[in-house]
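Participant: From first to last, the protein sequence lines are chains A and B.
Going by our numbering, the first residue of the first sequence is number 1, and it counts up by one from there.
Going by our numbering, the first residue of the second sequence is number 1, and it counts up by one from there.
In case anyone wonders, no lab produced these hints; they're calculated from the structure.
We treat Cβ as the ideally placed atom computed from N, Cα and C, and that holds for glycine.
Careful, some of the hints might be misleading.
[What the hints assert, rightly or not] With a Cα cut of at most 30 Å, we get these calculated DSSO-like pairs of lysine-lysine:
1. Lys2/B / Lys38/A
2. Lys3/B / Lys38/A
3. Lys33/A / Lys218/B
4. Lys3/B / Lys33/A
5. Lys2/B / Lys33/A
6. Lys218/B / Lys2/B
7. Lys218/B / Lys38/A
8. Lys218/B / Lys3/B
[As the list claims (entries may be wrong)] Selected chain B positions facing chain A (Cβ under 7 Å, derived; list incomplete):
9. Gly35
10. Glu36
11. Arg39
12. Tyr43
13. Thr95
14. Val96
15. Thr99
16. Thr100
17. Arg107
18. Leu211
19. Val215
20. Lys218
21. Glu226
[Said to hold, decoys possible] To be clear about the criterion: a stretch of chain A counts as covered by chain B if any three or more of its residues have a C-beta under 8 Å from a C-beta of chain B, and this derived list gives those stretches:
22. 2-15
23. 19-25
24. 32-46
Read off the chains here:
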Amino acid sequence: MDQAAILDHQFLIAAYAVTWTIQLGYLAFLGMKWRAQKREQARVRQNPRQRAN
Amino acid sequence: MKKAAIGFYVGVTLALMAWGFYQAIYVAPNDAMQGEIFRIIYYHVPSWAVAFIFLAVSLAGSIGFLAFRRNFPNRAQVADAWAVAGAEVGVVFLTVGLTTGPLWGRRAWGIWWTWDARLTTSLVLWLIYVSYLLLRRFAAGPQMQTLAAVLGIFGALDVPIVYMSNRWWRTQHPAPVFGGSSGSGMDKTMVGALMWNMLAWLCWGLLILALRYRVERKSQLIEAEEAQQALEA
Numbered sequence: 001m002d003q004a005a006i007l008d009h010q011f012l013i014a015a016y017a018v019t020w021t022i023q024l025g026y027l028a029f030l031g032m033k034w035r036a037q038k039r040e041q042a043r044v045r046q047n048p049r050q051r052a053n
Numbered sequence: 001m002k003k004a005a006i007g008f009y010v011g012v013t014l015a016l017m018a019w020g021f022y023q024a025i026y027v028a029p030n031d032a033m034q035g036e037i038f039r040i041i042y043y044h045v046p047s048w049a050v051a052f053i054f055l056a057v058s059l060a061g062s063i064g065f066l067a068f069r070r071n072f073p074n075r076a077q078v079a080d081a082w083a084v085a086g087a088e089v090g091v092v093f094l095t096v097g098l099t100t101g102p103l104w105g106r107r108a109w110g111i112w113w114t115w116d117a118r119l120t121t122s123l124v125l126w127l128i129y130v131s132y133l134l135l136r137r138f139a140a141g142p143q144m145q146t147l148a149a150v151l152g153i154f155g156a157l158d159v160p161i162v163y164m165s166n167r168w169w170r171t172q173h174p175a176p177v178f179g180g181s182s183g184s185g186m187d188k189t190m191v192g193a194l195m196w197n198m199l200a201w202l203c204w205g206l207l208i209l210a211l212r213y214r215v216e217r218k219s220q221l222i223e224a225e226e227a228q229q230a231l232e233a
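Given the sequences, and given the hints that come with them, work out the whole structure.
Facilitator: Dropping the structure here:
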């Protein structure tokens, strides 16, 4: 394998890895938001006057 | 039943992602000119295509919000939830497109970035929708949703400009592969791999779009519940 082919391969892996990192990172962010909302909803129903920011 | 349907959809999506990856890496041939780096196309192009679809969802939601906000407040809230979900998931896919593009460009053209029409309009599109999300995050008051809807509609005007930019102007970015001039197009195996990945990323995108929509609706309902409780107190 020549140097150019090795670099091509590394850049390809980087592009695929970046794609998955962004997508899975966003999915994790949504998951955390979802859980925080569930807690918020429970708090609102238990104690209507107190809201966590 | 609903949980089973969601589980089935997630399973199909993951299978499609794996199949798309297999097609992109093991089935599609290397490009005669660019070699292996060309395989970035199987993630880069679907990301842009799916981003454009979700920005269209956001546009429809923004128009719906403005149309319904006076007479149908509930429908307006639903439309607004679709608008923000489409914009946010669209930005995620735009970010993928804007990061995989320079990685490809560095190897194919020898440069990370150039201020040609396609790249510049794409960056402007990303900045418009990031500002849309920042507006929603930091602006307060009853006019926030209306302002965001107007910005969302104007932002969507950039989508056809991005799409047509390499037809209207000379760009460093290659000419259109599909629907371009005579001689454009791809090998059948490459088209197959691209279409599988397009489908896979669309299914994945719809999954996170639906999740983002549910989060937004839930947030609206919690706020409405709190407002009701405050009125009753």
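Participant: Decide, hint by hint, whether the structure agrees.
Facilitator: Tested hints:
1. Lys2/B / Lys38/A: holds (19 Å)
2. Lys3/B / Lys38/A: holds (18 Å)
3. Lys33/A / Lys218/B: holds (11 Å)
4. Lys3/B / Lys33/A: Given pair lysine 3/B, lysine 33/A holds - Cα atoms ~20 Å apart, limit 30 Å.
5. Lys2/B / Lys33/A: holds (22 Å)
6. Lys218/B / Lys2/B: This hinted pair holds, its Cα atoms lying about 18 Å apart.
7. Lys218/B / Lys38/A: holds (9 Å)
8. Lys218/B / Lys3/B: Holds. Lysine 218/B to lysine 3/B sits at ~18 Å (cutoff 30 Å).
9. Gly35: holds (5 Å)
10. Glu36: Cβ of glutamate 36/B sits 5 Å from chain A, so the hint holds.
11. Arg39: holds (6 Å)
12. Tyr43: holds (5 Å)
13. Thr95: holds (6 Å)
14. Val96: Holds: closest Cβ of chain A sits about 5 Å from valine 96/B, inside 7 Å.
15. Thr99: With Cβ-Cβ at 5 Å, under 7 Å, it holds.
16. Thr100: Holds, about 4 Å.
17. Arg107: holds (5 Å)
18. Leu211: At about 5 Å, which falls below the 7 Å cut-off, the nearest Cβ of chain A leaves the hint on leucine 211/B intact, so it holds.
19. Val215: holds (5 Å)
20. Lys218: Since chain A brings a Cβ to about 5 Å from lysine 218/B, closer than 7 Å, the hint holds.
21. Glu226: holds (6 Å)
22. 2-15: holds (count 9)
23. 19-25: Since three or more residues must qualify, the claim that chain B covers the segment 19-25 of chain A holds, with 3 doing so at under 8 Å.
24. 32-46: As far as the segment 32-46 of chain A goes, the hint holds, because 7 residues have Cβ atoms under 8 Å from chain B.
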